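Chains as they are written, first to last, in my numbering: chain A, 1 to 114; chain B, 1001 to 1112.
Please note: incorrect hints may appear among the correct ones.
[Claimed, not checked] With a straight-line Cα cutoff of 20 Å, these simulated PhoX-like cross-link-like pairs (lysine-lysine) come out:
{"hint": "1", "chain 1": "B", "residue 1": "Lys1005", "chain 2": "B", "residue 2": "Lys1104"}
{"hint": "2", "chain 1": "B", "residue 1": "Lys1005", "chain 2": "A", "residue 2": "Lys44"}
{"hint": "3", "chain 1": "A", "residue 1": "Lys38", "chain 2": "B", "residue 2": "Lys1005"}
{"hint": "4", "chain 1": "B", "residue 1": "Lys1054", "chain 2": "B", "residue 2": "Lys1104"}
{"hint": "5", "chain 1": "B", "residue 1": "Lys1054", "chain 2": "B", "residue 2": "Lys1071"}
{"hint": "6", "chain 1": "B", "residue 1": "Lys1068", "chain 2": "B", "residue 2": "Lys1005"}
{"hint": "7", "chain 1": "A", "residue 1": "Lys44", "chain 2": "B", "residue 2": "Lys1104"}
{"hint": "8", "chain 1": "B", "residue 1": "Lys1071", "chain 2": "B", "residue 2": "Lys1056"}
{"hint": "9", "chain 1": "B", "residue 1": "Lys1054", "chain 2": "B", "residue 2": "Lys1068"}
{"hint": "10", "chain 1": "B", "residue 1": "Lys1071", "chain 2": "B", "residue 2": "Lys1005"}
{"hint": "11", "chain 1": "B", "residue 1": "Lys1104", "chain 2": "A", "residue 2": "Lys38"}
{"hint": "12", "chain 1": "B", "residue 1": "Lys1068", "chain 2": "B", "residue 2": "Lys1056"}
Note that these hints are calculated values from the structure, not bench results. What you are looking at is a predicted structure, and each value in this text was computed from that prediction instead of being measured.
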Amino acid sequence: DAMVIQNPRYQVTQFGKPVTLSCSQTLNHNVMYWYQQKSSQAPKLLFHYYDKDFNNEADTPDNFQSRRPNTSFCFLDIRSPGLGDAAMYLCATSRDLGGTDTQYFGPGTRLTVL
Amino acid sequence: DQQVKQNSPSLSVQEGRISILNCDYTNSMFDYFLWYKKYPAEGPTFLISISSIKDKNEDGRFTVFLNKSAKHLSLHIVPSQPGDSAVYFCAASAAGNTPLVFGKGTRLSVIA
Chain A
1 DAMVIQNPRY
11 QVTQFGKPVT
21 LSCSQTLNHN
31 VMYWYQQKSS
41 QAPKLLFHYY
51 DKDFNNEADT
61 PDNFQSRRPN
71 TSFCFLDIRS
81 PGLGDAAMYL
91 CATSRDLGGT
101 DTQYFGPGTR
111 LTVL
Chain B
1001 DQQVKQNSPS
1011 LSVQEGRISI
1021 LNCDYTNSMF
1031 DYFLWYKKYP
1041 AEGPTFLISI
1051 SSIKDKNEDG
1061 RFTVFLNKSA
1071 KHLSLHIVPS
1081 QPGDSAVYFC
1091 AASAAGNTPL
1101 VFGKGTRLSV
1111 IA
């Protein structure tokens, strides 16, 4: 029944070692988002895809990249993780853009950087 | 520079009483507001929303009030139940294809 699935749920990586987080959806939604949430902080939008159109937030570091090979899947690549990148990464989807479209979140991937 | 502020990190309420969670915003362009609820080990789930053309929206035990002049909204849960214990995020968006802006969340504990 899960609609937005994130794998893995927990990821440990070493400082500087590239890591990829995965998100898939069964909702057939046009939009997929990646958020970063640090402890006791608000979820922060990194980027989103509307279909194949990629939209990067202005303050998202270049270290973070994303791929969306098809409607169902979206990946977050962190090229050289630093200690400051340890966080919960949330994937979300919505049918369309705009704040009135409900976003459906996955359970998140907690990233630890050693 | 936080555009959406939830100044209370936590709140404890007795079962059966009213829970009031507050949210303030600074961007006068925001015209749509949402509350999300998050249980541990799960992603946030949509709870209730309100458009700026309204000042109240009700859904069962949950009511959201919007005071545009004060740039303040609140979520009322009555009566509170132990299953309502979660982190509640306030979020806002402006017209057009603008992203949601989230607050830091308030952890609600409903004590039986």
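*Can you list which hints this structure breaks, lowest number first?*
4
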